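Undergrad: Kindly generate the complete structure, drawing on both the sequences and the hints.
Just so you know, full-length UniProt numbering puts 283 at position 283 of the sequence shown, and the rest follows in order with no gaps.
Among the hints, a few may not be true.
Estimated spans, in silico, between C-beta atoms of each pair [as the list claims (entries may be wrong)]:
#1 247 - 14: 34 to 42 Å
#2 21 - 52: 16 to 24 Å
#3 244 - 14: 49 to 57 Å
#4 247 - 211: 35 to 43 Å
Calculated directly from the structure, the hints in this document are not laboratory data. All values reported here derive from a predicted model rather than from experimental measurement. Virtual Cβ for every residue (Gly too), placed ideally from N, Cα, C.
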Amino acid sequence: MEEALRVLPENVKKILSQYTEMERSTIEEIRMRINRPLEIMINGKPNFPLLNGQTYFISKDDSSQMINKLSHYSLYALEEELKKGFVTIEGGHRVGLAGKVITLNGHVKAIRDIASFNVRIAKQKLGIAIPLVSYLYAGGWTNTIILGPPQSGKTTMLRDLTRIMAEGDDIRRIPSAKVGIVDERSEIAGCVQGIPQHRLGNRVDVLDACPKAEGMMMMIRSMSPEILIVDEIGRKEDSEAIVEAINAGINLVVTVHGTSMDDLHRRPSMKALLNSGSFERIVELSRKNGPGTIHAIKDKTGKEIRRKKVI
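TA: Structure representation (structure tokens):
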């Protein structure tokens with residue numbers, strides 16, 4: 001949280017100081033909207049904290065403080081980030097932005113009059129992916145889809161699996177691998193100025209803020225990865241790039257939004273991938289017992305090979 005606190009308005013920092021260290025560790029998002037109450041998401045539930053006994057409403061001064069801290073008092077420095085709608089800060093935390101969108105020839109040029117901020121707290125949970133290893137590694141890593149609804153821990157799981165792949169595991173006799181990450185939304189590695197903010201291992205190369213389909217081809221041509229890591233695939237171009245990568249002998253681990261394999265079969269580009277049999281494992285996540293809950297692990301036919309009963 002320390003890196004995130006540095007960019008927050010003073011009154012918001014004061015409010016967060018009222019939380020215990022344990023409570024702060026459970027914060028997922030800090031949402032600030034001008035003229036509306038400060039919202040803190042904790043364990044998936046919204047909280048509207050008080051300052052001096054009253055619900056705190058975000059002011060224009062809070063917004064100005066936030067923008068100045070994010071840009072180091074130079075809005076020009078945020079020009080590229082404003083086109084994407086988010087800024088990645090030290091620690092890998094991501095600040096989403098909303099306001100008036102300026103377009104040029106049908107493309108987003110910038111966001112002006114920023115009225116909403118969403119600070120998503122990045123949490124690296126070392127070891128969360130260890131229960132998957134025996135299902136995804138058998139003399140080599142399998143092509144794997146990690147499937148789950150929003151905030152089910154897909155990226156957190158993917159990040160730790162990437163670390164295990166790149167570092168290797170002496171106990172399980174798994175050698176380290178060359179891993180390429182195509183991080184279109186700067187969430188897996190959380191790069192700042194090209195440098196990953198999360199522990200990912202020494203054998204990882206990252207294409208930050210790069211479109212997925214194009215990035216996969218760039219990685220194959222330039223970095224010769226053994227494994228490609230891609231977050232939130234879904235477009236037809238993504239599927240076509242994945243097929244090319246697999247045909248080139250590269251293993252892939254990807255995440256997809258959805259609640260079950262049935263969801264994927266209803267999406268034409270994903271249905272074609274599943275029907276091809278290219279992905280040997282599908283890991284279904286839920287957040288019923290908190291983000292990162294492994295609901296089921298299935299083979300390419302959809303047969304469950306491991307299931308965790310959720311009460």
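Undergrad: Could you tell me which of the numbered hints above are not met by this structure, giving the numbers in increasing order?
TA: 1, 4
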